[in-house]
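Undergrad: Each chain, written out:
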Amino acid sequence: EDQVTQSPEALRLQEGESSSLNCSYTVSGLRGLFWYRQDPGKGPEFLFTLYSAGEEKEKERLKATLTKKESFLHITAPKPEDSATYLCAVQGTNAGKSTFGDGTTLTVKP
Amino acid sequence: DGGITQSPKYLFRKEGQNVTLSCEQNLNHDAMYWYRQDPGQGLRLIYYSQIVNDFQKGDIAEGYSVSREKKESFPLTVTSAQKNPTAFYLCASTRGVLIGETQYFGPGTRLLVL
Chain A
1 EDQVTQSPEA
11 LRLQEGESSS
21 LNCSYTVSGL
31 RGLFWYRQDP
41 GKGPEFLFTL
51 YSAGEEKEKE
61 RLKATLTKKE
71 SFLHITAPKP
81 EDSATYLCAV
91 QGTNAGKSTF
101 GDGTTLTVKP
Chain B
1001 DGGITQSPKY
1011 LFRKEGQNVT
1021 LSCEQNLNHD
1031 AMYWYRQDPG
1041 QGLRLIYYSQ
1051 IVNDFQKGDI
1061 AEGYSVSREK
1071 KESFPLTVTS
1081 AQKNPTAFYL
1091 CASTRGVLIG
1101 ETQYFGPGTR
1111 LLVL
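So the protein lines, in turn, are chains A and B. The first sequence begins at 1 in this note's numbering and counts up one residue at a time. The second sequence begins at 1001 in this note's numbering and counts up one residue at a time.
Zero decoy hints are in this set.
In silico DSS-like cross-links for lysine-lysine, where the CA-CA straight-line distance does not exceed 25 angstroms: (1) A:Lys42 - B:Lys1071; (2) A:Lys109 - A:Lys79; (3) A:Lys59 - A:Lys109; (4) B:Lys1071 - B:Lys1009; (5) A:Lys97 - B:Lys1070; (6) B:Lys1083 - B:Lys1009; (7) A:Lys97 - B:Lys1057; (8) A:Lys57 - A:Lys79; (9) A:Lys57 - A:Lys69; (10) A:Lys97 - B:Lys1071; (11) A:Lys68 - A:Lys57; (12) A:Lys97 - A:Lys68; (13) A:Lys42 - B:Lys1009; (14) A:Lys63 - A:Lys42; (15) B:Lys1014 - B:Lys1083.
Examples of chain A residues toward chain B, derived with CB under 10 angstroms: (16) Tyr36; (17) Gln38; (18) Gly41; (19) Gly43; (20) Ala89; (21) Phe100; (22) Gly101; (23) Asp102.
Hint data in this document are derived by calculation from the structure and do not stem from the laboratory. The C-beta atom is built at its ideal place from N, Cα and C for all residues, glycine as well.
Just chain B, same shape as in the assembly (with noise of 0.2 angstroms):
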């Protein structure tokens, strides 16, 4: 089966600590995004990358870093600049960039501090 895998699904944070959020896919898709959600709220974009070994900021991308070495995988890491990670954080990706391209979207990442 085809699809977006994330892990861990709930991943904790001490202050200070930089962690990272895996999000692997089997789509042959080219481009990948990270979002991020808070409670009652919609998804806004933290990175996104239409090929390997490149990526642009979205949003809101402060504390934040990604990495696109190889085309299945796009890793977030959420580093100690970011005051307040407390999130539900979703990997998604489409086949291109052209017109009206669906996301296709992972189960999510909850990250909590400790």
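If we strip away everything but chain A, and leave its shape as in the complex, we get (with noise of 0.2 angstroms):
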């Protein structure tokens, strides 16, 4: 069975103090690892795909790392905008299906 970790569960920082969320997995034949951005009370938007470790992807503020058993999603110099929850999920050999984690809620405070 597929398996999603995220820690920590909540993160506070203060605006321009850059950290990283944590997604351990296991998964059996990885297809996929996602990173989605959730806003209260909104559906997930999506952030980033990652398909085979060593892979690395960036946008604006946001780095997504993927390894053989954790990605992670470094967040360089945040702005009280990217407060959200992230979520993180993973498609094993059946494609049709993902595993979500529970997700990292993030503050930044100005």
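Two chains, each in its own frame: build the complex with the hints.
TA: Listed below in structure tokens is the structure:
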């Protein structure tokens, strides 16, 4: 059974204070690892897809990396508008299903 | 604009009542999904459909039913058998079911029990 564990559950940062969110996973035959951003009361918004260990992707202040056991979402010099819940999901050999972690809620104080 | 619409935004259910949540997409995507999200938790898969007139149970299908009569529509019925239906329901779609297909999500429906 595929499993995803995200840590920490909650993270409070000062504006400009860089940090990382962790996503540990076990999956039978990784087909893709996904990062989403979710604002309160809204649907998740796609950020990145990573397919193989060593892959990295960047978008503005966010950078996602992938190893064989975990993924990190690095946030550089965050701003208050980066406050949200960040969800990680994996897709294994059953390409029709994704397994989600419980998310990390990020709060960035000005 | 292409996207996924869900209605209503809020839905109230009386005990013993069946209610139906709507999900429509104009992305021409083949696959559609229903997830349930409880406070502080991730998304759990209820049902998914990879093609019209076919669907599969997810991890928590008990007390729910779906239909897929049209490519663009995937309604979810919460039946009276679902004893704890209060949650945030999210519909998603993907272009297909190939490797690493990105899921696009609707805005969600919040279901509350009266």
